[in-house]
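Participant: With the sequences and hints as input, model every part of the structure.
So the chains spell out like this:
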Amino acid sequence: MSEEFKIEIVNPEKSFLVKEDVSEVVVPAFEGEMGILKDHISIISFLKPGIIKILAKSGDENYYVEDGIVEFKNNNLSILTSTIFNVAVMDKSKQEDLLKQAEEEAKKPEINDQSKYLADQKVEVLKNLN
Amino acid sequence: MASLDDLKKRIASVKSTQKITKAMKMVAAAKLRRAQESAEKGRPYSEKMNNIILNLSSGISDKENAPKLLSGSGNDKVHLCVVMTSDRGLCGGFNSNIIKKAKSYFAKLVEQGKDLKIITVGSKGNDQLKRAYGDKIIANISFKESKHANYFDAEKVGKMVIEKFQAEEFDVCTIFYNQFKNVITQIPQAQQIIPLNVENSEEDKSEDIYEFEPDEDEILSNLLPKNISTQIFKAMLENSASEQGSRMSAMDNATRNAGEMVDKLTIEYNRSRQAAITKELIEIISGAESL
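Keeping their order, the protein sequence lines are chains A and B. My numbering puts the first residue of the first sequence at 13, with every later residue one more than the last. My numbering puts the first residue of the second sequence at -2, with every later residue one more than the last.
Hints should not be assumed to be uniformly reliable.
What the hints assert, rightly or not - Simulated DEER-style distance windows between Cβ atoms:
| # | chain 1 | residue 1 | chain 2 | residue 2 | range |
| --- | --- | --- | --- | --- | --- |
| 1 | B | Lys19 | A | Glu136 | 33 to 43 Å |
| 2 | B | Lys19 | A | Asn86 | 46 to 56 Å |
| 3 | B | Ala129 | A | Ser70 | 57 to 67 Å |
| 4 | B | Ser218 | A | Ser105 | 43 to 53 Å |
| 5 | B | Ala164 | A | Ser54 | 49 to 59 Å |
| 6 | A | Ser54 | B | Asp112 | 40 to 50 Å |
| 7 | A | Glu45 | B | Ser218 | 19 to 29 Å |
Claimed, not checked - Calculated lysine-lysine pairs in the PhoX-like style (CA-CA distance at most 25 Å, straight line):
| # | chain 1 | residue 1 | chain 2 | residue 2 |
| --- | --- | --- | --- | --- |
| 8 | B | Lys144 | B | Lys100 |
| 9 | B | Lys161 | A | Lys120 |
| 10 | B | Lys156 | A | Lys112 |
| 11 | B | Lys153 | A | Lys31 |
| 12 | A | Lys85 | B | Lys38 |
| 13 | B | Lys153 | A | Lys106 |
Simulated from the structure, these hints should not be mistaken for laboratory data. Heads up, the beta-carbon is just placed ideally off N, CA and C, and yes, glycines get one too.
Facilitator: Below, the structure is given as structure tokens:
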């Protein structure tokens, strides 16, 4: 039996990515990174800013996400996210833009704890990208 | 009867109007294809979102302490209505249909003694509602600058709605938009987004047991604000497809009507030209006879 399952990433505008030959996905879940293999129990969780690592037969890919929800059911992994970029094709200027935005957000005085945490996460992940 | 010169001018003017409506129809048709495509592409996201929320809310342990966005504020006094229309006119009954639907809803609310607050999205709706409900409109948002409906605009509206809800400015929120069925038919919709109508959705709940990380309540309270933006985004996509469809059929009609008018005017023009010739002939003949 093959050890592969299906992943689908959707953003509000379109279906971003569909892959059928995925062997492992590591998602930055809110309470820590989570690796998902075939026949994982059905799970719903949400994401913090970070990198989604997709290990597939057709090649590995990394995506940067700012938020999202993951649902795994019957060997179908769906990820809903509003902001997602492929790390391999993301250029420096875009990365710096995002970093600047995140840093500004983190500096806002009226920010609450959770948003502050999320913004700090963004900064950290973006800085470690290169 | 109008003089020959006048008729000639009218024919020319109707013809140039026809050219404009024809061009607008063509533009609308091209835009429609794109808008329809993005409406279809956007559907999986909102459907999946809905499914997850459905699964979550059926698994929620403590109904009393459920997030307010799901269960409501416990009151049913102040209603917020988000009326979504276009920024441009000349699109047939598109805007009036939404306004009509919204107005009948408003009238019902007022009859029941509820308080009413209105947010208009798109300048056309604002124009039409200003007269009757001007004092109820608390905000007007317009996205004239953005060419396509995009998620960030929707998020702006969503955040505004949520902020107002958290400030307890209203209890129930309903959005009005046109659902795109096909080029000829657009159905005005009233959809309640706060509190969320979970029972209303007919999709069968899956029996699967999910593991949640963190627990249901926390995921829900994170997810529901996103769902508001998603629903508004969906409405915006449907609206923009509807707008183009409506404009296309309106302009098609206008082009046809202009064609008919040109035909009618041409016949009238020819008739009066012939009458003038006949009149001249009679004058010449009777002049010759009298000699």
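Participant: Quick check: which numbered hints come out false for this structure?
Facilitator: Violated hints: 1, 4, 5, 8 and 11; rest satisfied.
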